[in-house]
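Participant: Given these sequences and hints, build the entire structure.
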Amino acid sequence: MAALTTRVPCNILTGPLGAGKSTAILKLLQTRGDGNWAVLVNEMGDVGIDGVIAGSGGAATAEVSGGCICCANGVAVRVALTRLLKKRPTRLLIEPSGLGHVAELSEHLQKEPLSNALELRAVACVVPCDRHSLLWAEAPLYRDMVHASDLLILNRRDVDAGMTSDVDNWARELYPPKTILLADRGACSTDWVDAPRDAITIEQEHAPGAEEDDEYRPKRTFTHIDGSKRTESHGGGKAYVGVIFGKLGAPFEADRLESACATACAFDGAERFKGVFYVRTRGWVLVQWVRNGGPADTQILSRAADSRFQLILCGDEPAPVAVAALESAFMGARGKV
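In case it helps, the UniProt record's numbering puts the sequence shown at residues 1 to 337.
Be aware that one or more of the hints could be misleading.
[Claimed, not checked] Here are the simulated DSS-like pairs of lysine-lysine, each with C-alpha atoms no more than 25 Å apart in a straight line:
(1) Lys111 to Lys178
(2) Lys111 to Lys86
(3) Lys87 to Lys111
(4) Lys229 to Lys111
(5) Lys178 to Lys27
(6) Lys27 to Lys111
Treat the hints as calculated values from the structure; they're not laboratory data.
Note that the structure is a prediction, hence the values are computed from the model and not measured.
Facilitator: Structure representation (structure tokens):
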């Protein structure tokens, strides 16, 4: 990767699955002011949702699907970065998946050849206040994300006041100390993007269940006559079910879509649901849900290329008949053309 006359400022926005990374990036893009920003997204399934969200904010986007983006020497990452840099962005945001290893990614970005084109600045970790205590106690990868970050964005604060107070106190006592930002549904000050990269790089091990021989692997793809495509895959102790709906279909009906999303969130082993849909009475909407995070959250998007969703499940692959029934629920949520 040839050196540019001026290196492009680059930030990493990390955090566990369902923390609100995509929403935080969308808020950043909506308030960024002038500038041609680009976003590199790591998707853990075949059906990309986060890239659609970022694209709705007007940024150039590229997706790297499957596996762990921390292996920045990988061909897919290098190709995606080269394509984005050809658009001459004034800033690059990188969103690893909730299973990404940010310390390793940071190290790669600060070495040649990537360092010739990119200037890594502050690394931020989105902290979900509603699930922080459990994650901090049981998820080594989450602790690694926090330690490798320069600042913490404390998100999902609409919970018990005692819980948010505990998270605030925990954040203040971290060493080395972190810059702390309080977020309102992902929105916070944007000044942090120009802060320098200060965090100490720590030695990182892949979390149990994410070893090289158990990385995400595509399994099956089903294409329907209307152009809709369903993908199913499994790896790292999680299963992924995604659907991209054919463009020939009708818009979704709001009440039927709500019922279909509820079915997805109640699916056995469901951990995370994200979907972008074109609804007849509302236009483009983003639906997000995370286990133990309360009811699904809905936001209006300005645009998207197509309707799609992805469901992340804990444990073994779901029964084919159950997946087919879930897909049928969404197909039935579409009205008439």
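Participant: Now look at each hint and say whether the structure bears it out.
Facilitator: These are the hints, each one checked on the structure:
1. Restraint check for Lys111 and Lys178: satisfied, since their Cα atoms lie roughly 24 Å apart, inside the 25 Å limit.
2. For the given pair, Lys111 sits about 20 Å from Lys86 by alpha-carbon distance, which is consistent with the 25 Å threshold.
3. A threshold of 25 Å between alpha carbons decides the hint, and for Lys87 with Lys111 the separation of about 22 Å falls inside it, so the pair holds.
4. Between Lys229 and Lys111 the CA atoms are separated by roughly 39 Å; this puts the pair beyond 25 Å, and the hint is violated.
5. Of the pairs offered as hints, the one joining Lys178 and Lys27 holds, with about 22 Å between alpha carbons and a cut-off of 25 Å not exceeded.
6. Annotation: proposed proximity of Lys27 to Lys111 is violated, straight-line Cα distance about 30 Å (limit 25 Å).
Of the numbered hints listed earlier, those contradicted by the structure are 4 and 6.
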